[in-house]
Amino acid sequence: MEQRADKPAGGAGVGLRHRHLQAFLDQRPKTGFLEVHSENYMSAGGPRRRALFDLRRDYALSLHGVGLSLGSAEGLERSHLDRLARLIADYEPFLVSEHLAWSVHNGLYLNDLLPLPYTEEALAVVCRNIEQTQEALGRSILLENPSSYLAFKASRIPEAEFLAAVVKKSGCGLLLDVNNVYVSAVNQAFDAHAYIEALPADAVGEIHLAGHASRAIDGERLLIDDHGSRVADPVWELYRFALRKVGARPSLIEWDSALPPLDVLLGEAVKADACLADVESEVLGVA
Amino acid sequence: MLRDIQAEFAQRLLNPRSDREDEALLVHLDETGIRREERLAVYRNNVQASLIEVLIAAYPVTAKLAGDKNFRFAASRFLRSDPPNQARLLAYGAGFADWVAAFEPAAGQPWLAEMARLEWARNEALFAADGDPLDAQILTKLSADEIPELVFLGHPATRMVHASYRLDRLWRAVQEGETGRQEPEAGDENILVLRPGLRVDQVALTPGDAALVEGLLAGKTLAEAAEAALAVEAGLDLQSILFGHLSRGTFAACRRSGMHSG
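In the order they appear, the protein sequences are chains A and B.
The first sequence runs 449 to 735 under the working numbering.
The second sequence runs 87 to 348 under the working numbering.
Isolated chain A, as found in the complex (with noise of 0.2 Å):
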C-alpha cells in the first residue's frame, strides 16, 4: 500500500480546484488539508484522479460533495452512492461531506444547491436520505448548512433548529459554513450569532470559509455565495465567534470563481490559522 496522510496536518486547509493541481504537484505548498468536490473525481482513470492519489501521500483529504441531493423527496440515485462509496475506498478520506439541500428531481440534475422548505416533511426526507448514505457508506458524513437567497412560506422550523433535528435523528455531524451562515443571514434578515449558537456544537466537524457578493436589487443587499474573493471581514468575525462556541476544528477555504493565485489562496488559510492559534491558547488559558 501506497503511504498516506491520514491526519490533517494542523491548520487550515484550502479547496482543491483543477487550476492549481500543477503548482500542487510542483511545490508541495504547506497547509493543514485538501478537500475536492468528490464529483470532480468520479471517473473511470485520467490524470486528474492520477493526481489526486499523487497528493494524497502529502496531504490528508476530505470530499465534499455536490450532487448527492440529500433533499429529493423521491430518494437518492443508488448509482451515485455507490460512485461515492468507490471514491472513498479509493482515496481514504478523513472528512466526507454533503449538504442540507437538494439538486437532482426525476432523473434530472439541476446544478446547483436547492432550497427546502423547512417542513417535518423535509425533515424526515433528509434524515432518511442521511441514514441510506452513513449505511452504505459505512460511515457518518458531515451535513453543511447552505447559503440560501429565498425561504418558503411552509417552513416552519428555524434551519439552525432543523440542522439540529437532523443531528440528533441521523446520527450525522455538521460543516458549518460561516460565510453561508453570513450570506443567510442577510439574505433571510436573521441573526447569525444566535443561529450558530443553535446549532449542537459537539457535532461540528469542519468549518467552511468564503467570500461572497454583493448585489443591490430594489434598493436592498442580496449576497450571493460565489466563492470568488477573499474571506470578507464580517465573516472573520464570525469564524472566531464560531471557534469560541465550538473549539478549534479543520477549517477550509474555498474558492472556486475568479480563482487566484495560489499563494492569495493559502494566505486565507494562514489568517485562519491564526484564529485557531488564537482559540487554541484561550483554551489553554482557561486551563
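Keep in mind that a hint or two might mislead.
Simulated DEER-style distance windows between Cβ atoms [claimed, not checked]:
(1) B:P242 - A:D530: 13 to 23 Å
(2) A:E583 - B:S326: 50 to 60 Å
(3) A:G715 - B:R341: 49 to 59 Å
Don't read these hints as lab results, they were simulated from the structure.
The beta carbon of each residue, even a glycine, is placed where N, CA and C say it ideally should be.
Starting from the known structure of chain A, fit chain B onto it as the hints suggest.
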C-alpha cells in the same frame, strides 16, 4: 408536498424567466423584503450559467470558433433540450455535437458540430480508464504465421473521429492561440484520439491506416483488417503502420484469434 415543489423548480429553473409561468412556484415563496421573482432568479442563473461554463470547459475550441456569445446562446438552448441526468458533470455534454449539427443558427458552419465531436472524443479519452499500452515486444515472440491471426483490444482511451473537414490542423492552431482564418478546409479526415499515459493526443490517419485501426477495434484479425486497409489504400506499409500504433499506444492487448488474452 416536497415532491411537487421540487418538480416545479426542476421545470422552471431550466427555462427563461417568466413571472407568469413561474407563478406556480412563486406562490410557495416567502414575500419578505426583496421580491421573490428576484430571489428565484439567483437560482435560475446559477443553474444555467454553471452548466454553460461546464460546456465551455468541455468544448473550448468549438467555443472559440463559434465566438463566445454564439456559443453561450447555443449552450443555453442545449441545456434546456438535454439537461444533465447525473451529478457527474465530467460526463455532461455527450450529445452536444449531434445537437449542434441540427442547430439552425450554426447551419452555415457545419464544421462546428464536427469539431465538437472531436472535442468530446478527447474528453472521453481524458477520463477513460487508465491502462498500459500493448508492448510491441510481444510481436517479436510470435512466429510469422501467428501474427496475421492476431486480434487487438483497443486501449480504453482510444477513439476514432471521422470528419468531412480538416479539423486536426485547425484544432492545433486554435490551441496555439493562432488567429486569422478560422475555417477548416473541406476534405475527409480520420482522427485517432488516444491517451496511453496522462496526456491526450490526436493524430490524423491516412484512409488506409484508419481502415486498419477501425477493423482491429471492431475485432477483426490483423489479416482481415489489413485486407480492408489495402482495399482503401493500395501499397500501404502495414508493418510500419502497425508498429506506429504500438509505439503510440493505440492498443492495450492482443491475442491469437480464438484464444484467450495473452
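Comparing the hints with the structure gives:
no., hint, verdict
1, B:P242 - A:D530: 13 to 23 Å, "holds, 20 Å"
2, A:E583 - B:S326: 50 to 60 Å, "holds, 57 Å"
3, A:G715 - B:R341: 49 to 59 Å, "holds, 56 Å"
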